[in-house]
Amino acid sequence: MKGEPTPNGEPATDPYLVLVLDSPIEITARKAGSASQTSTISEVSLGQCIPTNGDNEWLNFLNTNVEITANADQVWFPTDTGLPLGMLRLGDYVSLRAR
1 MKGEPTPNGE PATDPYLVLV LDSPIEITAR KAGSASQTST ISEVSLGQCI
51 PTNGDNEWLN FLNTNVEITA NADQVWFPTD TGLPLGMLRL GDYVSLRAR
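For the sequence shown, the working numbering gives the first residue as 1, with consecutive numbering after it.
In short, the hints are calculated from the structure, not lab data. As the structure is a prediction and not an experimental result, all values here were calculated from the model. Backbone N, C-alpha and C define an ideal beta-carbon position, used for all residues, glycine too. There is no bait here: all hints are sound.
Once the Cα atoms are required to be at most 20 Å apart in a straight line, the calculated SDA-like pairs of lysine to any residue come out as:
id, residue 1, residue 2
1, K2, L85
2, K31, P84
3, K31, D73
4, K2, G82
5, K2, D14
6, K31, G47
7, K2, V18
8, K2, A12
9, K2, Y16
10, K2, P15
11, K31, F77
12, K31, M87
13, K31, R89
14, K31, L85
15, K2, E43
16, K2, P84
17, K31, G86
18, K31, L90
Have a look at the derived ranges for each label pair, beta carbon to beta carbon:
id, residue 1, residue 2, range
19, S42, L96, 13 to 23 Å
20, F61, S23, 11 to 21 Å
21, N8, D55, 14 to 24 Å
22, Q48, I68, 12 to 22 Å
Using the sequences and the hints, build the whole thing.
Printed below as a string of structure tokens:
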């Protein structure tokens, strides 16, 4: 947050998992309602490191090269001020494979 307070008052120390892509891609995903947005991205938010239910399968893939297939309804650009700000979200996926 570059020294600024977090937008929703959450602790700035809360860790989030971010998928770093091998190279930037252009993606079109839903934004609000039926609206969509096309952006070039290099990272995807996988959510909080320790979610509210305490279980996070992504921890098994830290520092691992993975291939993920997702449907259009499983990814979206946020319209809220949740962290990480503005980053494409992955809610679910069709397949996940370690490479």
